[in-house]
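With chain A's structure known, arrange chain B on it following the hints.
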Amino acid sequence: MSIATGQGTAVLAPTLKSKRVGPLQRIYNHRADYLYVLPALLVMLIVIAYPVYYTIELSFFKTPPNLQMKDKVFVGLDNYATILSSSSFREVTMNTLIWTVFSTLFAFLIGLAAALALHREFIGRGVLRALLLIPYVVSAVAASYVWKWLYHSDFGVIGALAVQFGLTDKPINFLDNLHTVLPSLIVVNVWKEFSFAMIMLMAGLQTVPEQLLRAAQVDGANAWQRFWHVTFPHLKSVSMVTVLLLMVSNFNSFIIPWVMTGGGPAGASDIWITQIYNIAFGRQRYGVAAAYSVILFIVMMTLGYFYVKALTRGDESRAG
Amino acid sequence: MTNAHGRKTRSGLPTRRRVFGYAMATLTTASLMSGTAYAQSVDLSKWSPEYIRSIAGTEKVDTAAECSKVVPLDYKGRLSVWWTGPNEASPDITRKVNDDFWAAWKKTYPNIATDAQNIDYNQLLDKLRTATLGNAAPMVVRLQILGGVEFASKGYFQELKPEDVGYKTSDFWPGAMKSDTYDGKTYGIPTNNETMAFIWNAKLFKDAGLDPEKPPATWDDVVKYSKQIHDKLGVAGYGMVAKQNAGNTPFRFMPQLWAFGGGALDEADATPTYKASQLNSAGTKAALQASVDMYVRDKSVPVSALTNTQNENQNPFIAGQLAMMIAHPAEYAKMVDLAKKATGADKKVADAVVENMRYGLIPKGPARRAVVFGGSNIHIIKNEYVDGGLDEKAAKALICFWTSPEWSTKLAWVDSNPGNLRGFKTEWMKERLNSIKFLDVTTSMLPNGIPFPVIPQATEIMNIVVPDMMQNALTGKMTVDQAAEDAAGKVKELLGGM
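Here the protein sequences line up with chains A and B, keeping their order. Letter by letter, the first sequence follows residues 1 to 320 in the working numbering. Letter by letter, the second sequence follows residues 1 to 498 in the working numbering.
Bear in mind the hints are in silico, worked out from the structure with no lab data behind them. Backbone N, C-alpha and C fix where the C-beta goes; we use that ideal spot for every residue, glycine too. Be careful, since some hints might not be right.
Which residues of chain A face chain B? A few of them, derived with a C-beta cut under 7 Å, are [as the list claims (entries may be wrong)]:
hint	residue
1	66
2	68
3	152
4	178
5	180
6	266
7	282
8	283
For the chain B half of the interface with chain A, some residues (derived, Cβ under 8 Å), not all of them [stated by the list, open to error]:
hint	residue
9	129
10	131
11	154
12	155
13	158
14	306
15	309
16	460
17	477
Isolated chain A, as found in the complex (with noise of 0.2 Å):
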């Protein structure tokens, strides 16, 4: 069975379950519609198809201070190799995965814990809600300056307060410590990014019906039971997105440790991302950084497989 279009035949799902179709096929059946985005998919090969793959090109190259990007020498996988064999890729792997699962994790914490509050009806919500929002919209430059002299080691005003109070007997070493350093920026990071927690989870939220929480309530449930048995379970799939959407932009993440500490002190606050943009600007090795990048991108490609596949669950299932 078929049916005419503006540009020719398509074929229905009857024919498609009973002669399989190559691609090619299907591309020249749905001509007209590739048609339609042609020119979007040909600005997304300019400015994101070639950078990816110049900069897997560039990955197997070394490119010396004094050379000109076009007389880069290939050096096939050595790049690779000098990376994954460098006690300094340890470390930062190390950095990277404490700043991004902890700022993931406390960030969705914080922001569940504010949309569970938001939720219910009370006075000056609406006030709160926009003032829960304002690290959200703050520019993350100027915030990161901020901080960065709340935490200043000899006159930040968090040190200062803390002497006043008595809690320590000299101003606390936030940023210029190899211990404290990364739980410093994981903080500000956290403070940055719950808001985004908040508003995905107050939508999530909005689904969980009514009257199953009144059901629960009337069978005796208590407030944790409701939330855990009721309230969670609809939320599961919205949390599985923000989670995913909070470590892809934590694993990106460069302003906060870059304006604050640039990868400092010693290297304690170096993440991928920063250690990237030092490896390629700052010592020019281009090479190296691309390989690096590639790296960071085979990461985020697998983060973002499974962003689409929690993004298409429902659609499967009710395909299914």
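Chain B only, in chain A's frame:
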């Protein structure tokens, strides 16, 4: 103003200034004079504060007339230029001179449409690297003295020597011309050259039981004084700067390292070859140990030294919370500005700091007294890398104007010194000498200046390897020996072609 003995100091200058000046007159300028003809319009062999005073105001210049011989004043063209100009930390006078310069340029060459971008010191190199990769560079760029060789070695710069814009090579510091030379060819012209000086707060010295008019003579004294000031007064002694990937760090640490006999390579030698790293030498380790002693053992310097640039030292200094630092002559003008802006009790403190601000020579070490021979050079980028193509005449007109005796003096007003040595003979130099406090001290340091290595890897060595070495040692991530060996290994790897 009086000194520790109650005697009046002349013109507010430290009493030992003249002594320093005479002492400096006897110092050799060989390292800076090597490699070029000895026919300067300014006789470098006589270099001393008195000699500079004697020549100031002896030459009249007409910038427009000089530049018109290079490019006619009615030339119609377009120009793009990037440079690091005044920022929020600059003194007001620097901003005013900058505005005057661009107004004068527009008046002199009204038909050259100019797009001038003032880019942050720590971002200019990165931005230019990216722009040259994408053939989107400006026609003219003024870079820190360390920055040009990398681009010259990659073939981005057009050959450019003073004669191309109407001046003589011998009218520029030979050491500065060396920084513009790669593989025997010249790729730029110095706009300004300077050396820093040692600055201290005489009141804090006095309160800590030190001679308020006597700066530390050696780097060992700096460590000792810093501890004494911190222990007695609870304020930071020395304004150490150890931020990663920041030019401020090597400008303050390398003088210390050279003084102890160390080096990144052999740049402190009279005829450097730049072949092997000296970052693991005994001198380097001794200098690094002195820094560790101040930061870790004595805790006498700001804790925030690891994230500080010199800008972050300015507020503690004006607040009387920091006793010593290394900086440009402009620091005095900056402190005067900050004091003017202070109010209430802060104003009183700030005024007292300005009154008690002293400049002296950077301390000696066991090997020498040393300072970074700093400054900036101006370059022309080749046509194929310029966004929209190069207008060579417009570029040369600007460079003639910028490096003229007049504007190389005026633009360096409180920050630096004229790159064109004829600037020292102008009326504006005379005005500077009469109006800028402590200028003598920094001009006196010039013969002690050591240029950074003139190799493409220099920016990475100075801005990344050296600060990393400091941070590794100061944070305790590595011992002094390990940090020095690690840094030397990185330099060796760099010199080996990666």
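These are the hints, each one checked on the structure:
1. 66: 4 Å, holds
2. 68: 5 Å, holds
3. 152: Because about 6 Å separates residue 152/A from the closest Cβ in chain B, which is inside the 7 Å limit, the hint holds.
4. 178: Result: holds, 5 Å to nearest chain B Cβ.
5. 180: Check failed: Cβ of residue 180/A comes no nearer than 11 Å to chain B, outside 7 Å.
6. 266: Because about 4 Å separates residue 266/A from the closest Cβ in chain B, which is inside the 7 Å limit, the hint holds.
7. 282: Where the cut-off is 7 Å and the nearest Cβ of chain B is about 5 Å from residue 282/A, the hint holds.
8. 283: 5 Å, holds
9. 129: Residue 129/B check passes; min Cβ-Cβ to chain A is 6 Å, inside 8 Å.
10. 131: Violated: closest Cβ of chain A sits about 12 Å from residue 131/B, beyond 8 Å.
11. 154: 5 Å, holds
12. 155: 6 Å, holds
13. 158: Violated, about 15 Å.
14. 306: 4 Å, holds
15. 309: 11 Å, violated
16. 460: 5 Å, holds
17. 477: 5 Å, holds
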